[in-house]
Every structure is written in structure tokens, then in C-alpha cells.
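Knowing the structure of chain A, use the given hints to seat chain B on it.
For reference, the chains in residue letters:
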Amino acid sequence: MDKVLFLFLRRMRTPLLVLVAAYSIAIGGLVLVPGLDDQGQPWRMSFFHAFYFVTYTAPTIGFGEIPYAFSEAQRMWASVSIYLLVIAWLYAIGRVLGLLGDPAFKLAVSRQALNRSIRRMHDPFFIVCGYGDTGSLLVAALLRRRKRVVVIDIKQDRINDLLLSDTDTHVPGLCADASDSASLKTAGLGHPACQGVVALTDDDNANLTIAITVKLLNPRLPVLCRAATRDTERNMESFGTDQVINPFATFGDRLALALHSPVHHLLHQWLSSVPGSDLPMPIYPPAGRWVLCGFGRFGKAVQAGLSQEGVETVIVEADPEGTDCHGCVHGRGTEADTLQEAGITNAVGIVAGTDHDANNLSILVTARQLQPEVFTVGRQNRDQHSDLFRAARTDLTMRHSEVIAEAILAHLTSTLLPQFLQQARAQDEAWANEVVSRISAVTGERVPAVWSVALEPDTAPALLERLATAPITLDDLLRDPRQRDQQIPCIALLVQRDDGGKRLLTPPGDTSLKPGDQLLLAGQGRSVARIHRVLRDSHALDYLLTGQDRPQGWICRGLVGALRPGPRHTETDRGDTT
Amino acid sequence: MNLEKIVFGFFIILALTLNFGFFIGEIDNPHHHNVYELFAAIVVNLVATILKFGDRTHTGALLLATSLVAVLQLLIAASVWAWAVHVSASGLDTMAMASIVSLAGGAMLANVISVVLVIVDTATLRR
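For the record, the sequence lines run as chains A and B. For any residue, its number in the numbering used here is found by taking its place in the first sequence, counting from 1, and adding 328. For any residue, its number in the numbering used here is found by taking its place in the second sequence, counting from 1, and adding 75.
What you were told as hints is all true, and nothing was included just to trick you.
Pulled a few chain B residues facing chain A out of the computed Cβ check, cut under 7 Å:
id, residue
1, Phe114
2, Val118
3, Leu121
4, Val122
5, Ile125
6, Phe128
7, Gly129
8, Arg131
9, Ala157
10, His161
Computed list of chain A residues with no C-beta within reach of chain B, every gap over 12 Å:
id, residue
11, Gln369
12, Gly422
13, Arg476
14, Asp531
15, His654
16, Pro785
Derived by calculation from the structure, the hints in this document are not laboratory data. Virtual Cβ for every residue (Gly too), placed ideally from N, Cα, C.
One chain only, chain A, in its complex shape (with noise of 0.2 Å):
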């Protein structure tokens, strides 16, 4: 039943009989009251005129004495209904207004509007739980790779900041506790469109909660959870969730994949970072001997990174027993001593990985005195230090929010993005500098696109259609429907085959489409909607393949053939379109 509704007909009870008792005194005393018509014959008033009469008194209006002139005692009653009718008014509009006001009605009103807001989304969303710097970098990079969300955060402050920021598609934000399985149920987790839900709270425990919920109310759905220590992560894994996201032990990864094959690296980080923003440069980190600052669950993860490469660390930590480090040095590492005797003046790189960031400042600056060559790495612990990192110029920050939200991008994106990366890895250095310049010279200096296509019945019609008759090649699709001698500015990244799932990495162009393959495709975000199209539309495909472009209609196309007599198909000869 409609809550708002009735919460709002209770209230308005005791105003609207106050309304009724004034007009029902009002014109009961009108038409009792003797007065005197135009001849000056005794007559009262009837109903009608009396209704009239209150009607345009009430709020004040005032059309004068009507039909007849009044008798004194009609002026007096007059008098009497006018304020009793305003008074009558004032506290109905003030009870109204209040009501209006009401905190209790107000969060009535916007739960109705969220939660029609959310029956009403047909279009596969996801329900990200956290507002916080993660949260809102992770929906702005949905968003823009037209996915749509729902925000569930604890605090109303960040769902109002959801509310000012200015996205094209409208975000609904839900203010309560996620790790609540019937605010997760309002956010829309029975929802048939719902594709996933990423539990991004700042507290482990919450995550947990919404990860085990997510998967006994609906196992169908995948969580994607970020975990803040190794504890949780296998407590996650341990019930089925889809992807826990440790941020550290990511970055080491990363560190060490950088170590190992910095072109690696660089591919890696533009397939997953945010599309739109720009281009990251590829680093060097140099094998050597590096000092590392801290070790807590930061240090550790980039440790465990660095001796997988075999790189060579002394650690630097305050609090050597508290963090089980054996044989490391006593200090903070903010002090030039401290780091003098950790060996700086000939290492090759620094980690600065404490949980304050302005001691992580510090150290990196007193290193780069000492040694004016060493590979500077920071751990940027809040957000709102951005600024201060860039004018450190470290050659590398671990943003926490960042590494979250580019995993979980990754993951969300397409399942094919992480299948590439993982295999991309076994690959030699050639092939990534290949697929590297390949990308770059699509997209330029913007992070590409990547998005995957099915050919499937209800995604690709027009083009299975075409198939069944013909040989397609993945040159021929990634053509531009507009000027078919030109490409669409993407690049096939792997096809995956139905058959068996076998996988082609990086195919090349004369590789044939077969129903039923997926296509992982990175770009410009404008080739998507132009592929979509071809897949979809027959006239525009026949365009591509043939170069012709044939009458749509049916009449138009007979005419056409009565005009052209002789067997059209031999023109479409598929020599003059290479």
C-alpha cells in the first residue's frame, strides 16, 4: 500500500475536520441569519448563495455582499465566520507545511521515490555498497562505461554528495546500513536486472556481511568484496565470493609484474584504469637493492612483490616486534640516519608504505637527498593527498581507492578482461610492445574502452543471419559502417570460440567470426555504439561487406531489380573491398 499516501491522510485528519466544522458553522449561520432582498421583503439566504458566499470569504478573496445587500445581523455573523474560516485556513496550510517538513515524511517520500526509481530500471545495474573515495571513483568509472548503478552508504553525507554530482544517468542512493539484508533487498538484489554487487565499506566486517547475504538470498549473483586483511579475504573465499579485492596485495603484484616486464605493466594499466582519463607512462622500477618503510599489511604485500622478482629488501620499521619483522631497522625511516643506515646511498628504490602520509612524504623526500637517483614509491592513504604526491613527483603512488576501483572495473567490464590479462602474462616482451603500440595508436592518449561482444542470437542478429551464408572476418566487422574502407579505431583483444572455449589472443584480422564467439574488444568509446550497430543492423552490415547500399524497403528494392536486370550478387564481389 502507497505509505506515503497514508502517512499523509493520517496527518492531514485533524486539519481537514477542522476545515469542515468552520465551513459547516460558516454557512449553517448564513442561512439561519434573517436579511432582507432588494424589495425589502424578509428572506434568507440559501444554501447555495451561503456556500458561495464562505467560498470566496475564506481565503480572504471578498466579492462583496451578494446576491442582496446584508442586514446587520448577516454582518455580524459575517464577521464572525471570516475569522473563524481564516484561523481555519492558516492551521490547515501550517499543518501541511509542517508535515512537508517533517524529517519522518520526508525519508517516507524519498524511499518511495528510490525504491520506484529502482523497480523501474530495466537496464542491467549494480549495487555498489560505500560512497567513499573507492565507491565514487568506481560508479563515475561505471557510469561512464554505461553501466548503471545503485549507491547504498551508512552516511547521509555521501549520498548527498552522490546527489550533487553531476552524472548523465540518474544514480539512486540509498542512506543505510548495507551489511542489512533488507536494505540490500530495497537496493535491489531480488531485482532480475541486478548483475552484481560490490561491497565497498571501510569496515571488513560489513563487507563480509553483505558478501554472505548476497550469496544465500541470490547465489546467482556475483560479489566483488575488498578485504583489508589476508583473514577476511579467505573468510570471503571460503563461501563462494566471486572476487576479493586486497588492495596491497594487488599493488605488490602489480610492483612485481612492473619489475618483471614494465611493458606488462603498461598494458596492464591501461586496460584497466579508468576509461577516459589519461593515458598512464610506463615506469622502470630497477632490480637492485630497495628500502622499504614500514611493515605492516602495505609493506608485507610489497615484499613478498619484490623477493618474488628476487629483488633484494631491507626493511625500515618502527615497531619490529608488533609487525613480526625480523632483522630489520629500528625506525621510522623519516630521519635521514634511520635510512643511512638502512643502506639508501646505494639502493636503487624506496617504498615509503607506513599508514601516515605525511611521514610517507617525508621519507621520500629525505631518500631523494640522499640519493637523487632512487625509485621513488609512496603509500597515499587519503584521498584529499593527491595533490601533495604529484608535487613529490614519486615515480609511483599506491592509491588505495584507485587499485580497488581499477580491479573491480576490471572485473565488472566484461569476464573475458581478466581471462586476457592473465594470459597476457605468459606472453614474451615483444607481443605486449606489439599489442601496446597496437592500442596506442587506436586511442592516443586517452585510456581506451574495453567492452566484449557476444554473437549470439539476441545481441547479434543481423550478423549471425549474414554468417550462416557467408564468411565474416574480424576485419570486415571492425570496419566503419560509415566509410567502409576506413576502421573503427579498436582492436580485437581475444575471441573466445563455443566450442570447447578456445581462446585467441590478440587474432588477427583475417580470423573468421563463428556464431557463438566472444569478442573482448578495446577502443575508442565511440567505436562501441558503431559495432553495435553492425551487428544488429542487416542494411548496415550488407554495406560493409558489399559496399553497396541497397534499398531497405521492399518496393524500392523490387524496382531496383526491375531496373537492373541480371544477377545482382555478381557484383558484390568481395576482391575490390580489401
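Chain B only, in chain A's frame:
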């Protein structure tokens, strides 16, 4: 004893009795039907309707519906009366009177249902 129930029952039954009082008499004889009684019936019916606002039970919803029907019928009857007296050339003739009274009769039926519903609701209440 509950004061709210007394007030509620009072208005529901008063709505029916006033309605009945106006309805009774020869259907087309203006002398048998008092305009003041119609006015009182409308006011009391309005009050009874407003009292039912915001009740989310099933009976409450049904009571609100019957009252809205009664109010609607009575308001139409009053409008017909006003039209006949002030606008129509033929004045308050037997035909106009008959339609006013039959409209009020319809409203009375709705009021009877209201009263029956209240009685049933009270009877099923085991307290």
C-alpha cells in the same frame, strides 16, 4: 471503553440516521424533504469520511470507500438542488426532487453498508 470508538461510531450512525431522515417521505414532494437535513447529512458524512483517513486495515479501507461513495452521492444531490433552484427555468419541480431524493437514497445504501461493516468489525473483536 474507548473514546475514539465512541466518536467514530457516533458519526457513522449519525450519518446514516440523518441520511434516512432526509430520504424518507414521498419521493417527488419537496415538502417532505428538508434542505437543512441534507446539509447536516453532508457535513456529518464528510466528518465520518475524514475520521477514516489513514486506517491501513482492510476494513478501514472498505469503510473509507463506502463513505466516499456516500459523500459523492450527497454532493451530487446538493448540486442538483442548487441547479434546480438557481439555474433551471422550471425550478424545483417533481422531477428534480425525485432525482435528489434517489441520489440521497443511494448514499443511504452506502451508509447502511458502513454501519454493517462497523458492527461486524466490533462483533469479531474478542475483547
